[in-house]
Amino acid sequence: MNTWQELLTELTETGLVAGDVTRVKSLKEEDKVAYCLSNKHLRGILVDWIRDTIGLMSSGKSSSKSITFRQQGNDKFKNGDDSGAFEFYSKSILFAPPNSPEMALAYANRSATEFHLGHYELM
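Quick note: the sequence shown uses full-length UniProt numbering, first residue 1, plus one each step.
Honestly, I wouldn't trust all of these hints.
What the hints assert, rightly or not - Under the rule of at most 30 Å between Cα atoms (straight-line distance), these lysine-lysine pairs were calculated in the DSS-like manner:
{"#": "1", "residue 1": "LYS65", "residue 2": "LYS40"}
{"#": "2", "residue 1": "LYS61", "residue 2": "LYS40"}
{"#": "3", "residue 1": "LYS65", "residue 2": "LYS78"}
{"#": "4", "residue 1": "LYS40", "residue 2": "LYS28"}
{"#": "5", "residue 1": "LYS76", "residue 2": "LYS61"}
{"#": "6", "residue 1": "LYS76", "residue 2": "LYS65"}
Claimed, not checked - Label-pair distances were calculated between CB atoms; the ranges are:
{"#": "7", "residue 1": "MET123", "residue 2": "ASP75", "range": "32 to 42 Å"}
{"#": "8", "residue 1": "LYS25", "residue 2": "THR3", "range": "37 to 47 Å"}
{"#": "9", "residue 1": "GLU29", "residue 2": "SER83", "range": "41 to 51 Å"}
If you are wondering where the hints come from, they were derived from the structure by calculation, not from laboratory data. We treat Cβ as the ideally placed atom computed from N, Cα and C, and that holds for glycine.
Let the hints inform the model, and build the full structure from the sequences given.
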């Protein structure tokens, strides 16, 4: 399964080759989405990713899977791969049982990764 970032990269690269990026730059957000859904190739890429994601989520909650994904995120984080860490922490959250220590740790780790990625606003 592709990560969210890999999906965005694939859509961008496909769009650049086909000239779609230039076409959609000036469109409103909802029109950009409509354009992607009306384009057979782009829609196919999105549908495949959604199906893969739903398949992953329908596997059910699992503390052990959540821990495994969090540990993989920790490895990525230690190696400076913040985007990779973010993806694994997000998967850890998907599998963590509600209100569990696994969920709390996954959210905390993902929050730290968001900070490292600069995904915050100063008030």
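Verification of the hints:
no.: 1; hint: LYS65 - LYS40; verdict: 35 Å, violated
no.: 2; hint: LYS61 - LYS40; verdict: 34 Å, violated
no.: 3; hint: LYS65 - LYS78; verdict: 20 Å, holds
no.: 4; hint: LYS40 - LYS28; verdict: 20 Å, holds
no.: 5; hint: LYS76 - LYS61; verdict: 23 Å, holds
no.: 6; hint: LYS76 - LYS65; verdict: 17 Å, holds
no.: 7; hint: MET123 - ASP75: 32 to 42 Å; verdict: 33 Å, holds
no.: 8; hint: LYS25 - THR3: 37 to 47 Å; verdict: 24 Å, violated
no.: 9; hint: GLU29 - SER83: 41 to 51 Å; verdict: 23 Å, violated
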